[in-house]
Every structure is written in C-alpha cells, then in structure tokens.
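Engineer: Here the protein sequences line up with chains G and Z, keeping their order.
At position 85 of the first sequence (counting the first as 1) the number is 85 in the numbering used here, and the numbers step up by one without a gap.
Adding 1000 to a residue's 1-based position in the second sequence gives its number in the numbering used here.
If you are wondering where the hints come from, they were derived from the structure by calculation, not from laboratory data.
Given the structure is predicted, the values throughout are model-derived calculations rather than measurements.
One or more of the hints may lead you astray.
Claimed, not checked - Across the chosen pairs, the derived CB separations fall in these ranges:
| id | chain 1 | residue 1 | chain 2 | residue 2 | range |
| --- | --- | --- | --- | --- | --- |
| 1 | Z | Q1009 | G | T15 | 38 to 44 Å |
| 2 | Z | G1016 | G | G16 | 34 to 40 Å |
| 3 | Z | G1053 | G | N65 | 16 to 22 Å |
| 4 | G | M41 | Z | R1109 | 24 to 30 Å |
| 5 | Z | Q1009 | G | R106 | 17 to 23 Å |
| 6 | G | V88 | Z | T1082 | 36 to 42 Å |
| 7 | Z | Q1014 | G | T70 | 47 to 53 Å |
| 8 | Z | V1084 | G | A2 | 23 to 29 Å |
| 9 | G | S97 | Z | E1067 | 42 to 48 Å |
| 10 | Z | P1008 | G | M27 | 30 to 36 Å |
| 11 | Z | T1027 | G | V110 | 28 to 34 Å |
| 12 | Z | H1075 | G | M27 | 15 to 21 Å |
Backbone N, C-alpha and C fix where the C-beta goes; we use that ideal spot for every residue, glycine too.
Each chain, letter by letter, is given below.
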Amino acid sequence: NAGVTQTPKFQVLKTGQSMTLQCAQDMNHEYMSWYRQDPGMGLRLIHYSVGAGITDQGEVPNGYNVSRSTTEDFPLRLLSAAPSQTSVYFCASRQGSEAFFGQGTRLTVV
Amino acid sequence: GQQVMQIPQYQHVQEGEDFTTYCNSSTTLSNIQWYKQRPGGHPVFLIQLVKSGEVKKQKRLTFQFGEAKKNSSLHITATQTTDVGTYFCAFYSSASKIIFGSGTRLSIRP
C-alpha cells in the first residue's frame, strides 16, 4: 500500500547542476502535481498533469520541466539548479477531490 | 489568478483553548478543501466543502463555507497536543489544479 513515493528524500546540489526528482503512484490516479513549500508561502504549484502525455504549468514553473510518459510516474527535472530552488518538494496525485501527497524531497542548492 | 488568503499565519495557544483559522477569497470559489500537515510531514486531506453555508464536523473540528462561497473557517474546540501542525485551505482553480493558501501554523503549550 505504497501510495505516492518520492525519491530521494534529501538532496544537496551545487549551483548549475541538474537532477530529477522522482515521483511514482500506485493508485492509478489520473491527476498528478508537483508543489514546492517554502516558509510562510504555503504550497505553490509548479507543474501538473491530467493524464499520461499531458502536462501543464502551474504558478511557479520556471526552471523546472516535467513529463508524464506513464500513469504511474511524474518526474520533475531541475535544468540548472539555483539557490532559489532550495525548498521542500511534494508530489501529489488524485482521482477525485482528495489529493494524496508523497513524503517530500528536501533539496538544498549551494 | 485566483488566490486565497489565510489568517493568522501563526497561532500559539494553551492546551484546551480553542483555535480558528480563516481562509478568504476575493472571488467566488466552487469548493474549499482543508489539509493538515504535521511538523516534518506531508499534507493530509481533512475535508471538502462545496455548498454555500455548508458546515461539517469531525470530532472537535468544525469546518464552515461562507454563504457567498468566498470564505471558509476551521475551528478546533479544546485543542490537544496532537492538533499541532500547519492547516491549509485549498481550492480547485480549474478541474485540474489545486491551489493552496499560505497556511496557519498552530503550536500548543501543554
């Protein structure tokens, strides 16, 4: 009963490096989203997907790419990491009204 | 785009006192959701309200959706240490996107 699985849990990157945050769900949900959480700013939507092959931008998409080749997986790519991308990243999936969140990835860019 | 403002940002109460957080929008919302995030954890869905003037209760938690569907509140009666965390309101800005408020962090003095 895994739900939404995010890897890694922690990551430190140097400025300019690229990396992919992984997100997988086993609930056959159509909708998946990526959020970043910064102190005092709540959860801000980065990108979202309504199904395999379909993605769209959220509130803060710059510096991030996504793809959705399968229903299960929704990776988030940081193209060239910047200190401003230091944050906690959450992946979420849903089928109905309730969103299910992964455990989060704490990313530090130095 | 549509946003919700959440107040207060922080609330520190004595155990046993009541707690209320408010969520306000300048535009009419089709629905409002509430999530709880424990310290170090991920957001967990609590409830969704869709009807004007709707009131729902979950044990010591009471959720309200305003008559004009522009505001909502979460009230906790007689707080306990297990209530500690950040409470977020959220709404669907379209059929796909869930947008979150900035949250209210609740801390409790035993």
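Engineer: Determine whether the Cβ-Cβ distance between Z:P1008 and G:M27 falls within the hinted range of 30 to 36 Å.
Structural biologist: 35 Å, holds
Engineer: If I claimed the Cβ atoms of Z:Q1009 and G:R106 lie 17 to 23 Å apart, would that claim hold in this structure?
Structural biologist: Roughly 22 Å apart at Cβ, these two residues keep to the hinted range, so it holds.
Engineer: Starting from the hint 42 to 48 Å, judge whether the C-beta atoms of G:S97 and Z:E1067 obey it.
Structural biologist: 21 Å, violated
Engineer: Is 24 to 30 Å respected by the C-beta to C-beta distance linking G:M41 and Z:R1109?
Structural biologist: 26 Å, holds
Engineer: Check the following: the C-beta atoms of Z:G1053 and G:N65 are separated by a distance inside 16 to 22 Å.
Structural biologist: Violated: the Cβ-Cβ distance is about 43 Å, outside 16 to 22 Å.
Engineer: Note whether the CB distance of Z:Q1014 and G:T70 lies within 47 to 53 Å or breaks it.
Structural biologist: Cβ of Z:Q1014 to Cβ of G:T70: about 50 Å, so the range 47 to 53 Å holds.
Engineer: Does 15 to 21 Å hold as the CB distance between Z:H1075 and G:M27, or does it fail?
Structural biologist: 31 Å, violated
Engineer: For Z:G1016 and G:G16, compare the CB-CB distance with the range 34 to 40 Å and indicate the outcome.
Structural biologist: Given range 34 to 40 Å: violated, Cβ gap about 52 Å.
Engineer: For G:V88 and Z:T1082, compare the CB-CB distance with the range 36 to 42 Å and indicate the outcome.
Structural biologist: Since G:V88 and Z:T1082 have Cβ atoms about 22 Å apart, the given range 36 to 42 Å is violated.
Engineer: Do the Cβ positions of Z:T1027 and G:V110 conform to the proposed distance bound of 28 to 34 Å?
Structural biologist: Roughly 40 Å apart at Cβ, these two residues miss the hinted range, so it is violated.
Engineer: Determine whether the Cβ-Cβ distance between Z:V1084 and G:A2 falls within the hinted range of 23 to 29 Å.
Structural biologist: Since Z:V1084 and G:A2 have Cβ atoms about 27 Å apart, the given range 23 to 29 Å holds.
Engineer: Could you check the hint for me, namely that Z:Q1009 and G:T15 are 38 to 44 Å apart, CB to CB?
Structural biologist: For Z:Q1009 and G:T15 the Cβ distance comes to about 30 Å; the hint is violated.
Checked against the numbered hints listed earlier, the structure breaks hints 1, 2, 3, 6, 9, 11 and 12; every other hint is satisfied.
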